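The chain contents come next:
There are 4 protein chains.
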Amino acid sequence: MMKKIAVLTTGGDAPGMNPAIRSVVRYALHEKVEVLGISRGYWGLINDEAEWLNHRAVSGIINQGGTVLKTARCPEFKTEEGQEHSFQTLKKYAIEGMIVIGGNGSFSGAHAFVMRYDFPCVGIAASIDNDISGIDTTIGTDTAINTALSAIDNIRDTATSMERIFVVEVMGRECGFIALQVALAGGCEEVLIPERKFDLKEVCHSIVEGNIRGKVSWIVVVAEGAGRAEDIAKKITDMTGLETRAIVLGHIQRGGRPTALSRDLALNLGRAAVDCLLKGGTDRAVGMRAGKIVEVPFAQAIAKKELQVEDMYRLIRVLS
Amino acid sequence: MMKKIAVLTTGGDAPGMNPAIRSVVRYALHEKVEVLGISRGYWGLINDEAEWLNHRAVSGIINQGGTVLKTARCPEFKTEEGQEHSFQTLKKYAIEGMIVIGGNGSFSGAHAFVMRYDFPCVGIAASIDNDISGIDTTIGTDTAINTALSAIDNIRDTATSMERIFVVEVMGRECGFIALQVALAGGCEEVLIPERKFDLKEVCHSIVEGNIRGKVSWIVVVAEGAGRAEDIAKKITDMTGLETRAIVLGHIQRGGRPTALSRDLALNLGRAAVDCLLKGGTDRAVGMRAGKIVEVPFAQAIAKKELQVEDMYRLIRVLS
Amino acid sequence: MMKKIAVLTTGGDAPGMNPAIRSVVRYALHEKVEVLGISRGYWGLINDEAEWLNHRAVSGIINQGGTVLKTARCPEFKTEEGQEHSFQTLKKYAIEGMIVIGGNGSFSGAHAFVMRYDFPCVGIAASIDNDISGIDTTIGTDTAINTALSAIDNIRDTATSMERIFVVEVMGRECGFIALQVALAGGCEEVLIPERKFDLKEVCHSIVEGNIRGKVSWIVVVAEGAGRAEDIAKKITDMTGLETRAIVLGHIQRGGRPTALSRDLALNLGRAAVDCLLKGGTDRAVGMRAGKIVEVPFAQAIAKKELQVEDMYRLIRVLS
Amino acid sequence: MMKKIAVLTTGGDAPGMNPAIRSVVRYALHEKVEVLGISRGYWGLINDEAEWLNHRAVSGIINQGGTVLKTARCPEFKTEEGQEHSFQTLKKYAIEGMIVIGGNGSFSGAHAFVMRYDFPCVGIAASIDNDISGIDTTIGTDTAINTALSAIDNIRDTATSMERIFVVEVMGRECGFIALQVALAGGCEEVLIPERKFDLKEVCHSIVEGNIRGKVSWIVVVAEGAGRAEDIAKKITDMTGLETRAIVLGHIQRGGRPTALSRDLALNLGRAAVDCLLKGGTDRAVGMRAGKIVEVPFAQAIAKKELQVEDMYRLIRVLS
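Protein chains in written order, with our numbering: chain A, 1 to 320; chain B, 1 to 320; chain C, 1 to 320; chain D, 1 to 320.
Derived from the structure by calculation, the hints contain no laboratory data. Among these hints, one or two may not hold up.
If several chains are the same, the list does not tell them apart, and a pair holds so long as it fits within one copy or across any two.
[As the list claims (entries may be wrong)] List of simulated lysine to aspartate or glutamate pairs, EDC-like, C-alpha gap at most 20 Å:
#, residue 1, residue 2
1, Lys292, Asp136
2, Lys3, Glu306
3, Lys305, Glu31
4, Lys215, Glu96
5, Lys4, Glu31
6, Lys292, Asp311
7, Lys235, Glu80
8, Lys279, Asp311
9, Lys292, Glu310
10, Lys215, Glu49
11, Lys3, Asp199
12, Lys292, Glu51
Here the structure is a predicted model, which is why all the values come from computation and not from measurement.
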């Protein structure tokens, strides 16, 4: 059985990475496996930035946003040289398996590395973008949704008091998941997402119609992949003549205390990833689907996530 | 097709009841069905406290805790007379179906009413106790867990700073679900639940052992059904000689802004309940299981919920 | 003694306006004075949008952001015609005094109105911008600061995890008060405010120096009156070569549940405004200075607020 | 000038102690003064638990509740022997002055120590109880008030939905400050504090009268020094026949992220304490009064704090 594994966080940080690290470390130690913590993701792997983690090293981080292992984007890991340096680092510490906590791009890198060196790698899906196929949600999504929702609740106060239109841009470059959840929970009037073509003229038409009936405030949620808030706000003003403000929530959604769900997911997946590695699993991510822990091959996990949007979109419109 | 339905909230209030009401009302209106709002649950049904709800009547409540329809416990509804009065009220307004938003006891009452009058009733599971079988969680559970977790995070600050033992009592008269989720997400050292026998001597033994190794703070989560915080704290002090404080979270967990998940669940189930009623469904609750909306007959929904606790309990102990 | 007064909220909404309204209404009623609520600020005054408010009308709003009376910007109130219409509205309802809840611009309008008609007007300073002279803080400032601080805490998670520079734009067109408070409480490295000339070259110089010593993350807070986050971020990237992100908090800071301090201030000032009006006070705002309620003539209240910034600025720099 | 000072936190922990430590350490280092951190308050002083703190040692704690230096109650410090051990520890490290972060009891101890050894000691008032005379509020009070208020907001949801009476016990053994602030900001109907005699019969009388007029929910806030929630709830039930629930907020109020105000106060007082010590100040606490930093001799600071309660009490009653 494995005696030494490595763990790293890579890509954009997500709330829940810290409890995931905690779970990997403590569960592995409990299984008599030592854990090497790599700093700054693949960059630290290439540049040999690492230290052994004990029970205490992950104390007090369960409710902290971000990642104590730090993270970075690292294009060098896509190069042969970068991978070779990484492999040497792992050999140097006699590491037998690696757990990668991150999103789509992170798994892509891990997959290439497994292909090249046949080195056991298991992923834990942690990413704000909820962009991993084959699982329900990534670690951090629930926190990001609640943070965005709280911002929308605040904006609603002003939208109602000042009778204005707000266009609020939330995270989601290729996926409208957060936008849909937030728009529904926030009672928003319209949502624009990359998965669904929209015609701003129709949106404006519906606003003008509502305005004639006496409706005076709107919140339009837009996933960043569907357009920029400022452009959309400007067009709405131009087409309707109504004052429209743009707000970009941006990085606020990335940080903050992980919610119970983000933590519990992270803690369960930390154990699952260690178990998977110890049982010989590799080239795959662990995640939760329909209430059960599943293993999804990296190649499948990084494929485009299909989201059923029509049903939810209709509900948002009916309830607004 | 039905043209007039009634909606009420009954039993203990839960965060998310308001978005559920909003969804029932707006979705029904969209389906050309009128909605009568009954005040104070079955009590209002017996005493004819009701008014028609339009689109605007449920405006601005999506992020409010509690229930604008108010709620009450109502033993009279268990009597023949109470049921007969209720039936007369429904007849008076020409109501053809009823949606009951509540928990275990509420569905029990609805089931008896259906049995007696063959009157179409559909339930929406909303309850802090997560005590409904056949579904994953009730509306409000996620909010209650996050509220309790936030309290535990606060308590942890003092537990660590003052090096003390805290016994924290959370909701759950017959079910340790909230206790387990909170204990895991809060990094708590021990959890006592009704589903699992425990020996306080063992707990104290493990505390004393930890104390010898240098551990100085503990949080013991106890579901109310497993014992009273004050009693347990006293016994721990007696057996270990260490200062132990009791905290009862109580009704704090019941209120507050519903989380995104509690709201989205409520909004989806509101639609599902109306659809179920319109399609001829009765004597059943709608809920979410494994990411899908399901219908569970009342008789089954009110049966004792089985919770797999061992796996989660072990994880809590390993990670603490 | 007066028997009928009017109350309105005007200008940008601020968290705490609702408890202020509650206090004005309930305290006035207690003093046997009727209260007319004007909708949409001066616009409603001009257009006769008003209704009498009873005890119950202000129930349940104490913890709500925004304003139930709604608010609007209203250039027409600066015209003779607008003022004349307003005066007619007040005469129509036999109003003997008016309470204006708002900021700088609102008091300016009220002052002109008093000058013209000698109509008793008392102001309550409620504004995110904390732009009223002669008092410590306006209603809403404490809430806005805490909302911005919570966002900064979130951003810090990513700044630390990803080792980046963030430029965060907070409210404050002419006043750096929020920026200074938030930068200090958030442990931010730099703050740019309108009251204090700054040289971006020096800021970048200090960043580069820090970077050489190993410092890897910065948060630069900028009051909107001191520059646009995006421009500043771009310049920092250009000058330092380090990745820099811009975030505009914007309207998120305006809404949300008022904090205890914002509520208590609002509730005290509501009473004070009614008392002031009943004692014959006019052309002045009530506010809190050094823990005591003070009355500041409008002409003085709308003068440029002087802020001692050097001391606080130095503390921010020393502690970062 | 002094070259070496010590800092410790003692008594009950309060949110804001960490930013106070941060400020003391960083400001002192900036003034070329070394800082020794004593663990566990006076206990660590007696038992020589200490280490030098550098700039980095206080990194990342500005938004954390509790205290990284830990704290403890320490009766031994009241003994000659305890004081002598403490003095020896200070001599061992060549400490020339000490900063004590804590409350009433902590200052009492420091005062005795100064009397005995003429050793320079300056206090920073940090305590949930707001029990220090001569200053407006202690560090942590604003956070505790907001935490309690948030709990009250939650309870209000249930009180309104289920039409019940709640008795909520908040911190304040000898001082009703928190109770008054929270009762006002929470729109509570009644508040019982140690500074003001009350007759529960009158309270019940007013409840019954309200109930006859149709009022159905009450929140009665009680400072712990004025009675136990459970007893009071029982008596209300007995006297009115209405269902009444007791809730004790307890230690939840102690922890959590410090608010902006608690942090800013802590950061300002940290600097002020160092400045005071360096200028030869001793036997005194620094605090904020009427917006200005003041120095209050320990003997005066620990005297009974007089609170003007009538005015605020009346406002609470009028507005409820």
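Task: Numbers of the earlier hints that this structure fails to satisfy, in rising order - done: 2, 3, 4, 7, 11, 12
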